[in-house]
Amino acid sequence: MSAGFTPIEHTADVGLEVWGKTLEELFGAAACGMFSFFTSLEDIKPSKSKNVVVKSNDLEELLVDWLNELNYLFETEKFVFNTFKITIDKSKFTLKAKCTGEKIDLSKREVMTEIKAATFSDLQIKRQNNLYKTTVIFDV
Amino acid sequence: MEINLKKIDNNRWEIPKTGGMRVPGKIFASEKMIEKIIQDKAVNQVANVAHIPGIVGFSLAMPDIHWGYGMPIGGVAATEISQGGIISPGMVGYDTNCGMRLVATKLDFAALKNQLEALINLLFKAVPSGVGSKGRISFNKKDLKQALCKGAKWAVEKGFGEMEDLDALESGGRFETADPEKLSYKALERGVDQLGSLGSGNHFLEIQILDEVFDEKKSQEFGLFKGQILVMIHTGSRGVGHQMCTDQLKIMEQAHAKYKVQLPDRQLAGVPFDTDEGRNYFAAMSAAANFAWANRQMITHWVREVFMKTLNESPKNLGLEVISDIGHNLARVEEHDVDGKKKKVVVHRKGAALSIPPNHPLNPPKYKGIGLPILIPGSMGTASYILVGTEQAAKETFCSTCHGAGRAMSRSEAVRRVRGNDLANELNSKGILVQTGSLRGLAEEAPIAYKDVSEVVNVCQAAGISKKVAKLKPIAVIKG
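Line by line, the protein sequences give chains C and X. Quick note on my numbering: the first sequence kicks off at 15 and runs consecutively. Quick note on my numbering: the second sequence kicks off at 13 and runs consecutively.
Warning: the hint list may mix true and false statements.
Once the Cα atoms are required to be at most 25 Å apart in a straight line, the calculated SDA-like pairs of lysine to any residue come out as [unchecked claim]:
hint, chain 1, residue 1, chain 2, residue 2
1, C, K69, X, I149
2, X, K53, C, V125
3, X, K198, C, E74
4, C, K64, X, K198
5, X, K198, C, E91
6, C, K62, X, K170
7, X, K272, C, Q138
8, C, K64, X, K53
9, X, K198, C, I22
10, X, K272, C, N71
11, X, K137, C, S121
12, X, K48, C, V67
13, C, K117, X, K48
14, X, K146, C, K69
15, C, K69, X, N152
16, X, K198, C, D57
17, C, K92, X, G147
18, X, K442, X, Q473
19, C, K69, X, K48
20, C, K122, X, I149
21, X, K146, C, Q138
22, X, K137, C, L120
23, C, K106, X, Y271
24, C, K64, X, Q266
25, C, K122, X, D259
Simulated from the structure, these hints should not be mistaken for lab results.
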């Protein structure tokens with residue numbers, strides 16, 4: 015698979031290994047990975063979309079800010095997204111995305127985890143064998 | 013950075029000052045514990061914290077230390093304000109003022125054993141808990157800002173509890189340095205629905221019996237007795253604190269370069285306290301702290317209501333009295349003796365409780381001549397402890413001690429090993445009733461996932477930084 019994520023072990027919190035052929039794929043995979051901690055993504059219907067814009071000062075901060083923005087949308091509007099159309103301007107560390115998914119009903123669907131924030135721990139976006147890779151640890 | 017740990021005594025380990033460290037590090041731990049601590053990379057984090065500008069004394073870590081973001085959980089660091097000492101959100105934690113409240117009763121087990129199940133069922137209904145839990149009452153942004161300003165006092169003024177409750181709380185349950193205007197729109201959005209809710213993860217409400225008295229005199233001074241029923245509430249500032257910390261970390265990322273603050277880990281980013289950004293963070297942190305105190309005060313009120321309704325007794329007969337409330341993720345401005353001189357410092361405690369001896373000025377009014385009761389929760393279903401602060405803590409740890417058991421296993425590992433249903437049954441068989449909204453969440457908090465709190469508390473006792481007063485055992489657990 016050209017993009018994806020896998021959960022990793024962490025004593026106090028939760029984490030992901032994420033990869034993608036492009037930065038956009040990496041960021042999309044990281045977002046799916048984060049949402050997968052909340053709930054199963056397979057049956058999320060593409061019923062609503064939201065446009066998101068993030069501006070940061072470096073690439074790692076952009077990833078953290080992107081995930082924290084999505085977490086904010088989950089917490090305040092109960093959005094769970096599983097499809098993303100992302101454009102990243104690497105020189106300005108800016109991201110624009112159309113995020114598609116649905117607003118979930120907490121009384122009808124089990125949500126497994128609450129995330130406080132995405133953190134910078136072990137976060138370093140590297141390019142290896144034509145793949146962008148990073149670890150992301152979330153404070154729960 | 014390679015760390016050469018030096019044993020000072022059976023309960024203390026030093027990281028000698030090397031390279032960019034401004035002070036040495038000191039970890040409180042037994043020989044048995046230190047092996048695991050080294051594996052965890054937490055030792056490196058203690059050494060990293062020792063690099064921060066203005067740090068005085070030691071970069072400290074309590075025996076429940078484990079790896080965290082920048083600073084380990086269980087970390088304590090004081091920075092001297094007049095020497096450009098920094099304040100750093102990463103050294104406080106995302107869950108600002110996550111803390112423990114202890115409520116005593118006049119009851120023993122016999123008084124409620126026939127209604128225990130009814131009690132716990134009603135408590136589960138009365139206190140919103142679980143992932144995404146919302147408060148029972150709708151507040152608007154104006155109410156929220158009042159709560160952020162006045163903390164527990166706001167809650168009492170709104171009818172949640174009594175003014176006397178505030179005398180037992182550190183800082184009266186309110187940081188007057190709070191400024192809600194320093195919180196972002198997002199922090200307010202996250203918080204407005206969550207006032208009066210427990211949350212999830214390791215947050216809980218437990219009913220306990222006082223099982224063992226270690227210090228008879230102090231127990232009496234605290235209003236405790238063997239066989240007494242008590243209630244423990246563990247929660248923090250919910251989304252307000254999380255968002256505030258996220259927002260402030262971003263500000264600090266930029267600001268720390270402006271003040272030429274160099275750090276070995278970007279998650280320690282901070283600025284001198286005595287700057288606009290430093291004061292703004294402190295004001296925002298104080299507001300989030302007040303949210304947590306308002307939150308715990310509201311939950312206390314609902315606990316009282318449920319006890320009164322279920323047991324059909326007057327408040328006087330039930331004696332539901334707040335014993336203490338201490339935050340363990342906070343930065344506080346305090347005065348301490350450093351190298352024989354009184355200095356004004358910012359004491360960062362991230363997963364560490366206050367340890368204040370009798371007659372110390374930091375005591376709340378109720379405990380002036382007594383010392384502050386410190387509630388140390390064990391993992392779900394295991395023992396908890398009530399401690400008192402010591403002079404040794406005032407001399408050595410800026411009036412700090414451990415805060416709990418500390419995790420020893422990942423959540424996914426805990427869920428692999430433990431089935432929520434089996435755990436609930438096991439707890440029931442030990443005489444502990446359980447109410448939870450998530451069996452998976454229950455499994456994640458299984459006792460095997462945590463260190464042994466008795467070991468942690470015993471190291472603090474042996475080191476003299478807090479003293480055991482009583483031991484509690486649970487009879488009911490409510491987990492979100």
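Next on the checklist: Between the alpha carbons of K69/C and I149/X, is the straight-line distance 25 Å or under?
Outcome noted: 36 Å, violated
Item to check | Pairwise hint evaluation, D57/C against K198/X, where the allowed Cα distance is 25 Å at most | outcome: Distance ~29 Å between K198/X and D57/C Cα, so the pair is violated.
Item to check | Restraint check for K64/C with K53/X, where alpha carbons must lie at most 25 Å apart | outcome: The hint is violated at about 40 Å.
Item to check | Proposed proximity, G147/X with K92/C (alpha carbon, max 25 Å) | outcome: 16 Å, holds
Item to check | Pairwise hint evaluation, I22/C against K198/X, where the allowed Cα distance is 25 Å at most | outcome: At roughly 29 Å apart (the allowed maximum being 25 Å), I22/C and K198/X break the hint.
Next on the checklist: Would the hint linking K137/X and S121/C be met if the CA-CA limit is 25 Å?
Outcome noted: 15 Å, holds
Next on the checklist: Given the hinted pair K442/X and Q473/X, is their Cα-Cα distance within 25 Å?
Outcome noted: 28 Å, violated
Checklist entry - If you draw a straight line from the CA of K69/C to the CA of K48/X, is it 25 Å or shorter? => result Measuring from Cα to Cα gives roughly 40 Å; hence the hint is violated.
Checklist entry - Given the proposed pairing of K69/C with N152/X, does the C-alpha separation stay at or below 25 Å? => result Violated - the C-alpha atoms of N152/X and K69/C are around 30 Å apart, more than 25 Å.
Checklist entry - Would the pair K272/X and Q138/C pass a check requiring their Cα atoms to be no farther apart than 25 Å? => result Holds, at about 23 Å.
Checklist entry - Has the given pair, K198/X with E74/C, been kept, meaning a C-alpha gap of at most 25 Å? => result 21 Å, holds
Item to check | Proposed proximity, Q138/C with K146/X (alpha carbon, max 25 Å) | outcome: Given pair K146/X, Q138/C is violated - Cα atoms ~35 Å apart, limit 25 Å.
Checked against the numbered hints given earlier, the structure breaks hints 1, 2, 6, 8, 9, 12, 13, 14, 15, 16, 18, 19, 21, 24, 25 and satisfies all the rest.
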